[in-house]
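Top line first, the protein sequences correspond to chains A and B.
Just so we're on the same page, my numbering is the position in the first sequence counted from 1, plus 7.
Just so we're on the same page, my numbering is the position in the second sequence counted from 1, plus 54.
Hints should not be assumed to be uniformly reliable.
[As the list claims (entries may be wrong)] The list that follows gives simulated cross-link-like pairs (lysine-lysine, BS3-like), each with its CA atoms no further than 30 Å apart:
id, chain 1, residue 1, chain 2, residue 2
1, B, Lys164, A, Lys25
2, B, Lys63, A, Lys165
3, A, Lys264, A, Lys281
4, A, Lys90, A, Lys264
5, B, Lys164, A, Lys122
6, A, Lys165, A, Lys264
7, A, Lys90, A, Lys281
The hints are simulated quantities; they were obtained by calculation from the structure and are not laboratory data.
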Amino acid sequence: MTTKAIRLSQRRYSLRQKDAQIAWLLVAPSLLVIAGVTLWPIITTLVLSFFIAPTGINQARTFVAFGNYLEMLQNPAFWDTIKRTLYFTIVSVGLELILGLAIAQLVHSRPWGWKFLRFSLIIPWAVPTIVNGAMWRWIYSADFGALNGILLQLGLIKHYVPWLTLSSAAMNLVILADLWHTVPFVALILQAALAALPEELNEAAAVDGANAFQRFWHIRLPLLRPAILVALIVRTVEAFRVFDIVYIITSGGPASKTITISYLTYLYSFAYGKQGTGAALSFLISIFTIIMAIVYIRFLYRPEETQS
Amino acid sequence: MSYRKFFRKLGLFLLTIPVFLFIFLPVLWLFSASLSTQVELFTVPPHWIPEHPTFQNYLDIFFPSQAASSVPRTFAVALLNSIKIASAVTLICIVLGSLAAYALVRIPFKFNLPIQLGILGTRMIPEVSLVIPLFIVASRLHLINRPIVLIITYMSFALPYAIWMMAAFFQTVPIELEDAARLDGCTRLGILFRVVMPISLPGLISTTMFVFLVAWDEFFYALIFTSTLAAKTAPVAIAEFIGRFAVNINGMMAGGILAAVPPVLLALIFQRYIVSGMTAGAVKG
Numbered sequence: 008m009t010t011k012a013i014r015l016s017q018r019r020y021s022l023r024q025k026d027a028q029i030a031w032l033l034v035a036p037s038l039l040v041i042a043g044v045t046l047w048p049i050i051t052t053l054v055l056s057f058f059i060a061p062t063g064i065n066q067a068r069t070f071v072a073f074g075n076y077l078e079m080l081q082n083p084a085f086w087d088t089i090k091r092t093l094y095f096t097i098v099s100v101g102l103e104l105i106l107g108l109a110i111a112q113l114v115h116s117r118p119w120g121w122k123f124l125r126f127s128l129i130i131p132w133a134v135p136t137i138v139n140g141a142m143w144r145w146i147y148s149a150d151f152g153a154l155n156g157i158l159l160q161l162g163l164i165k166h167y168v169p170w171l172t173l174s175s176a177a178m179n180l181v182i183l184a185d186l187w188h189t190v191p192f193v194a195l196i197l198q199a200a201l202a203a204l205p206e207e208l209n210e211a212a213a214v215d216g217a218n219a220f221q222r223f224w225h226i227r228l229p230l231l232r233p234a235i236l237v238a239l240i241v242r243t244v245e246a247f248r249v250f251d252i253v254y255i256i257t258s259g260g261p262a263s264k265t266i267t268i269s270y271l272t273y274l275y276s277f278a279y280g281k282q283g284t285g286a287a288l289s290f291l292i293s294i295f296t297i298i299m300a301i302v303y304i305r306f307l308y309r310p311e312e313t314q315s
Numbered sequence: 055m056s057y058r059k060f061f062r063k064l065g066l067f068l069l070t071i072p073v074f075l076f077i078f079l080p081v082l083w084l085f086s087a088s089l090s091t092q093v094e095l096f097t098v099p100p101h102w103i104p105e106h107p108t109f110q111n112y113l114d115i116f117f118p119s120q121a122a123s124s125v126p127r128t129f130a131v132a133l134l135n136s137i138k139i140a141s142a143v144t145l146i147c148i149v150l151g152s153l154a155a156y157a158l159v160r161i162p163f164k165f166n167l168p169i170q171l172g173i174l175g176t177r178m179i180p181e182v183s184l185v186i187p188l189f190i191v192a193s194r195l196h197l198i199n200r201p202i203v204l205i206i207t208y209m210s211f212a213l214p215y216a217i218w219m220m221a222a223f224f225q226t227v228p229i230e231l232e233d234a235a236r237l238d239g240c241t242r243l244g245i246l247f248r249v250v251m252p253i254s255l256p257g258l259i260s261t262t263m264f265v266f267l268v269a270w271d272e273f274f275y276a277l278i279f280t281s282t283l284a285a286k287t288a289p290v291a292i293a294e295f296i297g298r299f300a301v302n303i304n305g306m307m308a309g310g311i312l313a314a315v316p317p318v319l320l321a322l323i324f325q326r327y328i329v330s331g332m333t334a335g336a337v338k339g
């Protein structure tokens, strides 16, 4: 090597080193913040989940190892809560995908006013969850609600019904309220994905005599898989940890019939004064969330299709 | 043939009607309730369109001094708190997030990939798993009921979100442009501010909107960390009033409409950025 080449490679090396220094400078502020508000708390939560930790700051903590976890796993109320949460997740995400796909396809078929329809879908998506919940709670109101009003005027009921106190109906009504907010989200994502698909395949299939349903099922749906996967993961993770809409519409009632796992965690941590149990529960939610994400990716992820 | 086409169009149009009804009926009912008087709201069957519509509920919130009830006074303050907190969170996330996103996307350095995966991982952690330690520290430092506690804790979901979205947008900037700028003697920061940021302006707008929306929408931390007017946000104010029957529900509905206006307006104005933002934020986590 000539001296010139060595000097050049040295310069390149120092440039790269300088680059790395700059990179750390750029990343450091964010890393510090994220470490402070997520990394440190999640580790503390994990530690806390091995203790019996009363809410009072000066009350002593007792180490119980996996005691909190075992107590939960042996508690039938916990399994009821898991079942309810899974019911909420499966029914709401399932309906979101079906309705979202149907609406996306409808927008894609360009009916009269389709631009206004796409525009309208943004509104329920942007309305804050709590406003959405308050609105539906008022719609379901036993005394003066719109649901009772409509059903009475249509002659379907004779007297006003206290909907949210019916244990068979409450969870489904919460799901309906959630759908108002989430179906548009799924529809918007899938509509954009449909619009990005190549039309040639579809036209070729039409020429070959495939009917609309066949074209949808055999051509569009497989091509939509990446977009569906995105919607499915995002929505399942969110639905499984649902809290806000339950809190505002039913506060867990009637008789715990709408208590979900996040709500149970909230109760243990901030109402029952058992932060150790709360921490254990919240950790179970994290683990479950990560498992679900991995399972979905394993089943639906095909690398060659996700490049679009 | 054209007959068939016409009926196809008509059929599709008829299908849109239930979708429109599902979207708009609840909102219109909310709006109608916000224009009603207490007396008219409590009628059976309901007056779908108020016979004596009034903007009093809105006026009470905008000019809270004249208001008799605690509902409009609370809403006036809570909406201001929400605006302050969501704006601060958005500003901090955009500044810190764009610096980090650029380094992660374009500068190869040790631990680059682990940091990216770590940030992706934090997006999977639910708030409820973080809140207990945060609450303990916040109460020791006497930060409960101060806006700063929400600004800090909101970083736990808003900052990783902002970094991921911006990283996705920065990635689309052609690397040749950057190389050219470097050859011209531009520094890394110079490239970021003069080349990458201007080109990714749509992405920046999209990220700004999304971060503001999630910060505005946030309820759980706000519920845990605030209970007084000093920091209470609009969602907490709504949650507080909805359970009590005696408070004026029509005033609350007006508050709900006002709390929905900023995010809905933002989303409608920047609607062409929504879908790119949804996928950028979602695909990556």
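Results for each hint:
no.	hint	verdict
1	B:Lys164 x A:Lys25	13 Å, holds
2	B:Lys63 x A:Lys165	39 Å, violated
3	A:Lys264 x A:Lys281	22 Å, holds
4	A:Lys90 x A:Lys264	11 Å, holds
5	B:Lys164 x A:Lys122	48 Å, violated
6	A:Lys165 x A:Lys264	26 Å, holds
7	A:Lys90 x A:Lys281	22 Å, holds
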